[in-house]
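Heads up: the sequence lines are chains A and B, in that order.
Heads up: the first sequence at position 57 corresponds to 57 in this note's numbering, and the numbers run straight through without jumps.
To convert, count from 1 in the second sequence and add 116; that's this note's numbering.
Quick caveat, the hints were computed from the structure, so don't treat them as lab data.
There may be inaccurate statements among the hints.
Claimed, not checked - Restraint-style ranges between C-beta atoms, simulated for each label pair: (1) B:THR224 x A:THR76: 15 to 25 Å; (2) A:LYS78 x B:GLU183: 41 to 51 Å; (3) A:GLY3 x B:PRO155: 44 to 54 Å; (4) B:LYS175 x A:GLY16: 44 to 54 Å.
Yeah, the Cβ is synthetic: ideal placement off N, Cα and C, and Gly gets one too.
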Amino acid sequence: DAGVIQSPRHEVTEMGQEVTLRCKPISGHDYLFWYRQTMMRGLELLIYFNNNVPIDDSGMPEDRFSAKMPNASFSTLKIQPSEPRDSAVYFCASSFRGGSYNSPLHFGNGTRLTVT
Amino acid sequence: GQQVMQIPQYQHVQEGEDFTTYCNSSTTLSNIQWYKQRPGGHPVFLIQLVKSGEVKKQKRLTFQFGEAKKNSSLHITATQTTDVGTYFCAGAHTNAGKSTFGDGTTLTVKP
């Protein structure tokens, strides 16, 4: 299994530009999570999906952020317009919930976003 | 919102010394997970604890879940340089949905 695949690994963009981050979860996993990691705020959950349906987006910072999951094998996180304070590492993670307890999260390698 | 507090934030030890990080929640947790993130890497799942008072071991690592299911600890015996990284706990307050991550404890080991 290739694990969770994120692209790009690094993204440098100018303030005001649109940024799209991509994620391919592990095949068969039914939950997908987007996290943001910064030194100041740690690991923040932005949004998560169950069977491609957004369940909780309360962590999305503001309307500039949007996430979609058009099918079980692909998700995007979009920032439009981007701002310097959005600079962070963005992780995608997936899990399979088959049982009654939370199951482990499998993280991708992350996308390091720098907005200048 | 529901929070999971983790201490200490940083720990510097000499190789061979022991290390412990603690995780606390003000409300009862359904379960708790521990992850390790190496510098420049991504969080990697270590273990999950579900039962009150549960203790699990992985070689030199010992994980405990408190009797009240509100706290947990990770103890490393005789640290090695390969143990460096940030250790996160992630607590779930229900049996479904999301877990809340602690702020992590960053461990450095001096050879």
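Here is what the structure says about each hint:
no.: 1; hint: B:THR224 x A:THR76: 15 to 25 Å; in the structure: violated (36 Å)
no.: 2; hint: A:LYS78 x B:GLU183: 41 to 51 Å; in the structure: holds (45 Å)
no.: 3; hint: A:GLY3 x B:PRO155: 44 to 54 Å; in the structure: violated (19 Å)
no.: 4; hint: B:LYS175 x A:GLY16: 44 to 54 Å; in the structure: holds (50 Å)
Hint check: violations occur at hints 1 and 3; the rest are consistent with the structure.
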